[in-house]
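Chemist: Protein sequence lines, in the order shown, are assigned to chains A and B.
The first sequence begins at 1 in the numbering used here and counts up one residue at a time.
The second sequence begins at 1 in the numbering used here and counts up one residue at a time.
The reader is advised that the hints may include incorrect statements.
As the list claims (entries may be wrong) - In silico lysine-lysine, DSSO-like type, Cα no more than 30 Å apart, as pairs:
| # | chain 1 | residue 1 | chain 2 | residue 2 |
| --- | --- | --- | --- | --- |
| 1 | A | K156 | B | K58 |
| 2 | B | K26 | A | K140 |
| 3 | B | K89 | A | K10 |
| 4 | B | K10 | B | K89 |
What the hints assert, rightly or not - If you want the ones that stay clear, here's a sample from chain B, every Cβ over 10 Å from chain A, calculated:
| # | residue |
| --- | --- |
| 5 | S80 |
| 6 | T81 |
| 7 | F84 |
| 8 | G108 |
| 9 | Y148 |
Calculated from the structure, these hints are not laboratory results.
Only a predicted model underlies this, so the values are computations on that prediction, with no experimental measurement involved.
Every residue, glycine too, gets a C-beta built ideally from N, C-alpha and C.
Listed below, chain by chain, are the residues.
Number of protein chains: 2
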Amino acid sequence: MMVTENIFSKRTAVEQVEEGIELAPKFNSYGLIPVVVTDINTGELLMHGYMNEQALRKTIVSGQMHYYSRSREVIWHKGSTSGFFQNVKELHIDDDQDAIWAKVEVLGGASCHVGYRTCFYRKIDYTDGNIGLIFTDKEKVFDPRVVYGDETNPTKL
Amino acid sequence: MMVTENIFSKRTAVEQVEEGIELAPKFNSYGLIPVVVTDINTGELLMHGYMNEQALRKTIVSGQMHYYSRSREVIWHKGSTSGFFQNVKELHIDDDQDAIWAKVEVLGGASCHVGYRTCFYRKIDYTDGNIGLIFTDKEKVFDPRVVYGDETNPTKL
């Protein structure tokens with residue numbers, strides 16, 4: 001199927017955006033929209049990423065998650081290196097259409113480049129004025145050195 | 001309890017950020033970090049918002065969600081107008097510490113300024129090349145005109 005360029009509507013009124021049935025996403029000044037990704041089966045939050053217009057179009061039309069990598073500055077077909085593709089089961093959009101929620105099925109069971117099942121493997125602990133992180137997920141699903149080899153780590157300081 | 005200014009660690013190394021137990025959040029060039037908010041009881045995705053450093057600090061120390069409103073350009077104590085406060089039950093952070101996940105209990109049962117329980121009340125429908133939105137949540141929990149009165153709608157075009 002051809003990916004047409006104009007599957008998104010123009011944003012013309014608050015009521016159209018909030019209460020309408022036209023897809024009129026808002027991309028920020030970098031041309032990006034944030035995406036919340038949960039597992040369709042467990043409901044678990046897997047990751048938080050970004051899409052540009054093209055990545056969102058590709059995701060909708062292909063049925064597999066495509067992101068925009070801010071560190072690598074490219075469209076990124078999730079799974080193309082690791083094999084852990086994310087099949088789109090449902091896509092939702094929020095009230096003002098500036099955030100996407102994707103419910104996905106993960107092929108391979110991991111979504112985090114560090115090796116964990118989810119990117120959110122640490123909890124913020126604040127007790128008696130002391131702050132730190134506690135690991136809630138201790139088992140890596142894969143070894144990132146094996147899966148990604150010499151690829152540059154996308155984490156930036 | 002006093003909100004100290006320096007509860008966040010400096011980001012010094014990828015390993016510290018990804019595998020460490022120090023909270024070293026990354027704020028973007030606008031000074032913001034995105035926040036995914038789910039209901040602690042149902043697991044439902046309620047909203048996607050942003051915090052600046054001060055909002056994150058206030059959230060951690062007070063135990064109630066504070067956001068940064070990009071449209072109103074102020075720290076926003078969720079519920080201060082509507083009464084629908086969000087009590088923090090758990091805060092998680094992702095691998096590169098540039099996204100927060102908050103599990104909350106909502107007092108009053110609504111998180112969306114349009115009146116729905118969740119901000120994500122519409123699903124993207126793509127069938128035979130046609131695209132549109134389908135309402136998955138049809139019942140408003142409250143009437144925003146009653147709750148917010150003449151306040152400016154935060155949705156921007």
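Chemist: Of all the hints numbered above, which does this structure not satisfy? Sort the numbers upward.
Modeler: As far as the earlier hints go, only 3 is violated by this structure.
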